[in-house]
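K.L.:
For the protein sequence lines, the chains are Y and A, in the order given.
Residues 1 to 112, numbered by my numbering, are exactly what the first sequence covers, in order.
Residues 1001 to 1111, numbered by my numbering, are exactly what the second sequence covers, in order.
Hints are supplied without guarantee of correctness; some may be wrong.
Where chain Y lies over chain A, by a calculated footprint (3+ residues, C-beta under 8 Å) [claimed, not checked]: (1) 1037-1045; (2) 1048-1062; (3) 1090-1099.
The set of hints was computed from the structure by calculation and includes no laboratory data.
Glycine included, every Cβ here is placed at the ideal spot set by N, Cα and C.
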Amino acid sequence: SQQGEEDPQALSIQEGENATMNCSYKTSINNLQWYRQNSGRGLVHLILIRSNEREKHSGRLRVTLDTSKKSSSLLITASRAADTASYFCATDPSGGGNMLTFGGGTRLMVKP
Amino acid sequence: EAGVVQSPRYKIIEKKQPVAFWCNPISGHNTLYWYLQNLGQGPELLIRYENEEAVDDSQLPKDRFSAERLKGVDSTLKIQPAELGDSAVYLCASRFGAEAFFGQGTRLTVV
């Protein structure tokens, strides 16, 4: 079973545009993380936001978290062709433990 | 540091045959995960270890799947017998702290 659901499932944009992906989850969390997966490869950690944080930045990435709506968004600014990948949100449940449950992912294509 | 190492990268077997996947996590990482990933979907947790103890294996089909993590380091995931529906990518990840590190995965094709 998957904790999160990403929206949209697929996104196609031009290089230079911004890409926004959304994630909704079901249970209370300690933190929410975003991972990237290039085709045929393993997942790579991008950014983590804790349940008491509302926004976080890392380079061209901006993550927001709304615990009242159980949702998060990932914004990639000034996208590049190299950003083409699948993006997944993952959550650690509150109450401890390293459960790390993933959503279904958003497949992003950035056209040069 | 080599990162999380998985082998083999690819495996093709006939149905009803056994298969095993191996994972060498990053040194010092207490938490180890095995995930199954179908094409176009997110990783689904099969089993999680804290050191050598399996603390979450509710999603592991125990009639055909087994896993072990001897001495709390390397781990092996086995399927016996394999079914056509087991064709997928099997991902191993390890963790110490907030960030999980993934291996490249083993792509299993059952024919």
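K.L.:
None of the hints should be skipped; say for each whether it holds.
P.N.:
Hint check results:
Counting residues of the region 1037-1045 of chain A whose beta-carbon sits less than 8 Å from any beta-carbon of chain Y gives 6, enough to reach three: the coverage restraint holds. For the region 1048-1062 of chain A, the stated coverage by chain Y is satisfied: 5 residues place a CB nearer than 8 Å to a CB of that chain, which reaches the threshold of 3. Coverage of the region 1090-1099 of chain A by chain Y holds. Counting CB-CB distances below 8 Å, 5 residues qualify, and the rule asks for three or more.
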